[in-house]
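Trainee: Here's the letter readout for the chains.
There are 2 protein chains.
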Amino acid sequence: MLTVFGSTALDTIRTPKKTLKNVLGGAATFAAISASNFVDTGLIAVVGKDFPKPHHKILSKYLDLQGLTIKEGKTFRYDGKYDNTLSTRSTLKTELNVLGDFKATVPEAYKKSQFIYLANNDPEQNTALIKEFDKVKFSMCDTIDFWISTKRDAVIKMIKAVDAVVINDEEAKLLTKEFNLIKCAKKMMQWGAKYVIIKKGEHGSLMFYDDVIFPTAGFSLEDVVDPTGAGDSFAGAMIGYLASKKSTKLSDIKKAVVYGNVLGSFAVERYGLDGLLKIKNGDIAKRVKIYEKMIRF
Amino acid sequence: MLTVFGSTALDTIRTPKKTLKNVLGGAATFAAISASNFVDTGLIAVVGKDFPKPHHKILSKYLDLQGLTIKEGKTFRYDGKYDNTLSTRSTLKTELNVLGDFKATVPEAYKKSQFIYLANNDPEQNTALIKEFDKVKFSMCDTIDFWISTKRDAVIKMIKAVDAVVINDEEAKLLTKEFNLIKCAKKMMQWGAKYVIIKKGEHGSLMFYDDVIFPTAGFSLEDVVDPTGAGDSFAGAMIGYLASKKSTKLSDIKKAVVYGNVLGSFAVERYGLDGLLKIKNGDIAKRVKIYEKMIRF
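From first to last, the protein sequence lines stand for chains X and Y.
Per UniProt numbering: the first sequence = residues 1 to 297.
Per UniProt numbering: the second sequence = residues 1 to 297.
None of these hints come from the bench; they were simulated from the model.
Please note that the accuracy of each hint is not assured.
[As the list claims (entries may be wrong)] EDC-like, lysine to aspartate or glutamate: derived pairs with alpha carbons at most 20 Å apart:
id, chain 1, residue 1, chain 2, residue 2
1, Y, LYS286, X, ASP211
2, Y, LYS177, X, ASP83
3, X, LYS177, X, ASP145
4, Y, LYS293, X, ASP211
5, X, LYS160, X, ASP134
6, X, LYS286, Y, ASP211
7, X, LYS194, Y, GLU222
8, Y, LYS187, Y, ASP145
9, Y, LYS194, X, GLU222
10, X, LYS173, Y, ASP83
11, Y, LYS289, X, ASP211
12, Y, LYS18, Y, ASP79
13, Y, LYS183, Y, ASP169
14, Y, LYS173, X, ASP83
15, X, LYS111, X, ASP163
16, X, LYS186, X, GLU170
17, Y, LYS187, X, GLU222
18, Y, LYS186, X, GLU222
19, Y, LYS183, X, GLU269
20, Y, LYS289, X, GLU292
21, X, LYS18, Y, GLU178
22, Y, LYS177, X, GLU222
23, Y, LYS255, X, GLU292
24, Y, LYS183, X, ASP83
25, Y, LYS254, X, GLU292
26, Y, LYS173, X, ASP223
27, Y, LYS194, Y, ASP163
28, X, LYS186, Y, GLU222
29, X, LYS293, Y, ASP252
30, X, LYS255, Y, GLU292
31, Y, LYS293, X, ASP210
32, Y, LYS17, X, GLU178
[Said to hold, decoys possible] Taking beta-carbon pairs under 8 Å as the criterion, some of the chain X residues facing chain Y (in silico):
id, residue
33, PHE179
34, ILE182
35, GLY204
36, GLY218
37, LYS255
38, VAL258
39, MET294
40, ILE295
Where is the CB? At the ideal position from N, CA and C, for every residue including glycine.
Pulled out of the complex, with its shape left as it was, chain X reads as follows (with noise of 0.2 Å):
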């Protein structure tokens, strides 16, 4: 089993074509759905008293809830808008609501979870959390500007407290204080995660474990609406693969980083959650045949 710890959150996501209000959204939301293509996953993670029954429903179709936590309050909200270009996104409103003070416990059923995924979320929060798993195989943690900007040695912690890290290109930059991407890593490395995967966007990502180096193109998409949520889902899918292959082989990273893109592609073809809400049976496995035939030569 893997459990995913994180923020589930209302979104309010302004795209140049359409505005979406309150809808289900979250780091961890992305990632434990994305994972449950492959494995089941439980979620950690708290809500208000106003958090809507659809999404409540939405969730308890994909994810094991018992870590769900409904709180006396109001559900964390992110408001952002994108620019023209999808490529550039602004917050316009960060409420924690009912996450600010969370203290995050582990049900007893996940405690022998051996693949954890840490989504971005306070990062001592994270530390804190991971020592309460008793068989841990691997765990992976994200981050993002905000906590490499208010609380960055808590993100170097936590950085040493986990196997691996995902990170976009940008926040590697800005956490690290290098431009190289591969001395982005190293240094990442230094700190104590084995593997670091660098997540590019559309330009695909970086995976780093020893001197080994992985790249990947990024899935090409024509048609993007939405780029909420695909890092998120890209890590998902990397945990998730991992976890159902009960697998930390080299060999299985790599081709878990593909799963990762993969899903990640899926992510940003609709709104919000919908991109992966709309995968099917069979289509991951058939966006990696035909990514593996395009990249071929």
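Position chain Y against the provided structure of chain X, taking the given hints into account.
Mentor: Structure of chain Y alone, referenced to chain X:
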């Protein structure tokens, strides 16, 4: 034989660590020397009487110079400065000098060239020159923001006149007024290009033909010192490889793109032309092997 037409320059390149003054540069210089690793390459270009003998000696070591005109006046000069990340270059000075009113002619010996590369240059000059060749099997052009901004219609006309366009991502967007690179490529194909190759620097490239998309990851490098000429080296390697195979088969064009990525990676490892000049026998094949192993999963 391959013919390359375009600029030979005296470059001043300012990088965060080093400034080079009046070094041998120019789009055609990089492209032709890169191509010369694969096939006999003739250069059509113009320099002034001030062109240093040692520079001339370098050109003559790698290239057929029947097409090189030495004219009364000063050689084309370019002066540019990179930012700290080496990802943005601002132009400090451009002196066209002898390039300004140059009327290129094709030497008799080059007229039967089947492979022609029109390096970044005045699109009207490029379009006029291509007509002077009798047996063109495959022609390719590049362009830059300067021509797109000042002679967009002529750039589109040039694209109509060649088989393939190789262009970087930002310039593809500027030219086509699209944000998505697949949409950019489709527009250039509508204008008449059979093949479109979009260069994305460290992120590799995208090749388009009919409904085929061929994405490649870049060759990952830790120590990049000077990106000058990387795109020209990419294009030169592409057409040089195709000319050496006398082929325009899609499978060879894909391989040519891989050679493009690899030659681009050599170019950025040293200052100015030195990255290309230090290539020894076997280095290219070795790096292609490393690349193939790197991206395998």
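Trainee: Please write out, lowest number first, the hints stated earlier that are contradicted by the structure.
Mentor: none
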